[in-house]
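*Asks:* The lines below spell out each chain.
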Amino acid sequence: MKKLICMAFALIMALSLTACGGGGGTSNNGSADVTPGHVNINLDRNVEADISILIPGGNSNEETMIRALIDDFALLYPRVNIEINYVTITSYESTIRNLSRSDMLDDIIWSNSPDFYFLTANNLVYNLNPYVEASEAAGVFNLKEDFYSEYFDMGRFNDMLFCVPRSADSVVTFINTDIFSKAGITQEEIAGYQQNGWDWNQLLDVCARIRKYFDEHGQGSAYVLDANLVGWLSVNYPMLLSYGVDVVDANGNISFDKAKVKECLELVRYMVEQRYIVDSQVASGSSFETGTSAMLFQSSSVSHYADRKALENKVDLIPFPLIKTRNNPKIGCGIAGYCINKNTKYADVCWAFLNYMLTREGQQAMADNGLNLAPIRKDLATADDANWKKNYPNVNMQAYLFGSEYKTSTDFLSRITTSAKTDFEQAIIDMFASACNQSKSIDDAIDRCLEDMNDALDV
Amino acid sequence: MKALDNHDARRQSLAVKILLYALMTLVAVILIFPYAFMVSKSLMSHEEVVDPTIKLLPAVPLFSNYAELFSDSGYGMGFLHTFIIVGVNCVIIPLSASFIAFSFAKLDFIGKKVSFAVMLGTMMLPGAITQLSLFAIYAKLKWLNTFWPFIIPNLFGGGALYIFLIRQFMLGIPRDMDNAAKIDGANAFVRYWSIILPLCKPVLIYVVVNVFISYWGDYYGPLIYMRSSNAPKTLAQVVFESAVDENVATDMANIRMCGGVIMSVVPAILFAFFQKQLIEGVVLTGLKD
Amino acid sequence: MKNPSAKIKKLVRKSRTGWLFNLPLTVGILLFTFVPVIISLYDSFFSYDGLNERTWAGLNNFIRIFGGSESLHVSGDKEMKKIVVNTLVYTALSIPVNLIASYFLALLVNTALKGVSCYRVIYYLPCMIPAVASGLLWADMFDNTFGVFNKLLGFFGLGPYDFFKNEDLRAILSIVLMNMWSIGGGMILWLSAFKNIGKHYYEAAVLDGANAWDKLIHITIPMSSAMIFYNMIMSVIGTLQYNGTLTFGTRQGRGPENSLYMYGVKIYYEAFVRGKIGYASALAWVMLVVIAAITVVLFRTSGWVFYAEDNN
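Chains as they are written, first to last, in numbering that gives the first Met the number 0: chain A, 0 to 458; chain B, 0 to 288; chain C, 0 to 311.
In short, the hints are calculated from the structure, not lab data.
Misleading hints may appear alongside valid ones.
[Said to hold, decoys possible] So the derived list for chain B, only partly shown, Cβ under 8 Å to chain A, looks like this:
| id | residue |
| --- | --- |
| 1 | K111 |
| 2 | L222 |
| 3 | R226 |
The C-beta atom is built at its ideal place from N, Cα and C for all residues, glycine as well.
All chains, full assembly: derive it from the sequences and hints.
*Replies:* This is the structure in structure tokens:
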């Protein structure tokens, strides 16, 4: 019996040690060397490779456009086989973690602005600068001239490019033209805003007129603007920046100027008091989707709203309103794109695929298969034959491209430790939610946010 | 509230009967509400379902939602894959669990109590403890994107609860039957296979039905282990994926509800059919042993 | 007479068959439970994010759970207090409410009336709503203005009540209320317990002139005490680990002001959202010890449980 127990114990220990070893030993990020040694951008047409690409699951748009790219890419490199794998966005980090420590991480990895910092912080993906340099040297493209390079900047960390954007995602104002015209906002006004952009005061003015129209027509419970303030950093953070507040400074320390934050939140509170934005404690039957709210801050593809029955021929776009109080207006935007796994055996092939994604053909193919967002290439922005806007000739698609100089991503996340990231996001979102809740004090909300952020760092 | 048995029921006055029916119906109306709401939502248009005022009934029932659910490809294969996983488990779990339960109920061996206690102990483990390492282990074994994570572990009894319940049932089988066979020289395998196992029918049905229900509706497991586009996805997973459009981070709630209805119909029918066995299968006598 | 060593030999020989039958369980537990469990125990002494090398943390993870220590420079986890209160309140309310409600439900359908099995199916239906749909469904029904419960309250001139969106313990109360719809699952187990009570007890009681209440108090409840005990243990195990708020609660199952934040969600959140696998493992181990301790206490105090040895 004793022997039996001893043997069993030995077996367990042996097994667990193998498993532990499997977990920790193969950690692929002991060294921070993420720059590929030598790169080859002139692949042989008959190169053979089996690679896989990780895309968000349950996102039919992303899947169809990547499939279209894969099909076209197969014509260029017939012996490259690309398999699609899925990651659930809501469990992005834990999936990547699982895959990485099991050496199962895909060769090409989808990423977006907040999640991107997880990949770079853990040295999971390649620095793509050598590929860009080689491509520019060979005249394949010129990054600054051919592309909206600010989106590439969002894929950078410590001056190294880790993520290649697949499109230019930017927050815009979706408007319901039907409600606008009923409230007496003229076509010319709208056209002016579309042409030159608009500022927050103009937004407030429009809000006031629509509020008046709603109230005079028995729609007291309808709200003017779906501002996406209580769940989306891509609106919150640019607003804070516009007021001269950054969440953390260059050294990763919290740099929250309470007075300035208060100014920003008071603007939000004012809009709630005026019933432009819904109080978070008040349930409202009003939403942009159902055609009962006049405006919405969003960055998603126009097709998502314009194709709805309630919004047929009623959707148009205006750029995000600029907050000019402190002469530092910002527009939220983010990167959605692809990275290359640092442990891939086929980095050059992966780059060839990403490079194809950036070509005119690649961008057109994606636009034809569900990507109704602004392209990353400048030449497609205005081209008449551009696929990305052909289905919406009456919608001001240029709004996505307005104001390059104002664009900002939630880059403060790159300056804090990964484990604190979600708590920072939550703290800021909670603070804005309190600002939208008239029963709460703004000062308390700010203190609370600071406290939560400090707690997050304190581990 | 009354505990009645067969004999008494006949003597109940009409008034009590009516009262009981009224009470049962009232409870039924309350309890069925979420289910009815799910069915109702599955027939709503997208506008109705996202309408924040929350409607109870669709203006016009849209049966086309179901067509939309099934218009996504992959349902046929999803059904096949679920069928395989469910089918295999409905055979191996009752067999392996009863095999192990036989050792606890009818055999003596050194360390039996320890083994039983350890088994019951595994029921207390928080799932999070094992989940993380299991992924690494399965990945090492190259089991990702295959059926194996859903089958191989079940060859070892399929969970403490099933073994425990079968053991309880076996304890209720009179010793004489077993002993008679023993005297006739039947070895343990023969006694297990041809005497005890056939008598365990009610609890085996209980196990089969529960195994069916848990694997039929499981989408969480497949979401973790079947990530490739070439992986054999299960029906529940396909339903889940076609009902969640992560592109815009909103749900197609109506389609999701269609999936919910479809997924729940089969277990409901099973339950209706095997109600009697489900009730008879659970025996807790001899818990003290 | 046989000597003792022959006896032992016989037992060992018998053990061979027993272990043969037991082997699958032992192997299964070793492979798929012990290995992961030992890894997680190991991890709980490290600071580990699942990607980078583990760094030794000694008992720091555990000290952090239990409020930290200034002399050791380990700060406490400020979330823990609320989590423990929420979890305890939930457990203390949910277990008795559920057991009693499902017990009475089972009594109600423990008759031979025509159509009673249809009612049982209906009562069981809410348990069949798959996870794919249930989260959204409950969020809608408990909506603070437009949900059906608030419409109902409004009908009686009450409410609106915020349910899950409450910032205090009332949020926990809402989950207890929601769980009332899954009492059909418990009903089955009670029915099987009733089934195993010999009819002769009731017949004898009727001869003694007992009414329905007497029968319930003196026969049904004591004779189903084994099932009551079993259900209590299983409920304690399940309820303390409850993480169902993940599917319907705001802020990833934590609720406003963490009003829904319970231990099961905490483990999930630390492991999968914050990526602190070492800390999450420590949390899980503390939970395991707590559950084991409660189970032991329940068993030690189980003198009231009556095990009928002669079921028809």
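*Asks:* Decide, hint by hint, whether the structure agrees.
*Replies:* A quick look at each hint next to the structure:
no., hint, in the structure
1, K111, "violated (12 Å)"
2, L222, "holds (6 Å)"
3, R226, "holds (5 Å)"
Violated hint for the displayed structure: number 1, the only one.
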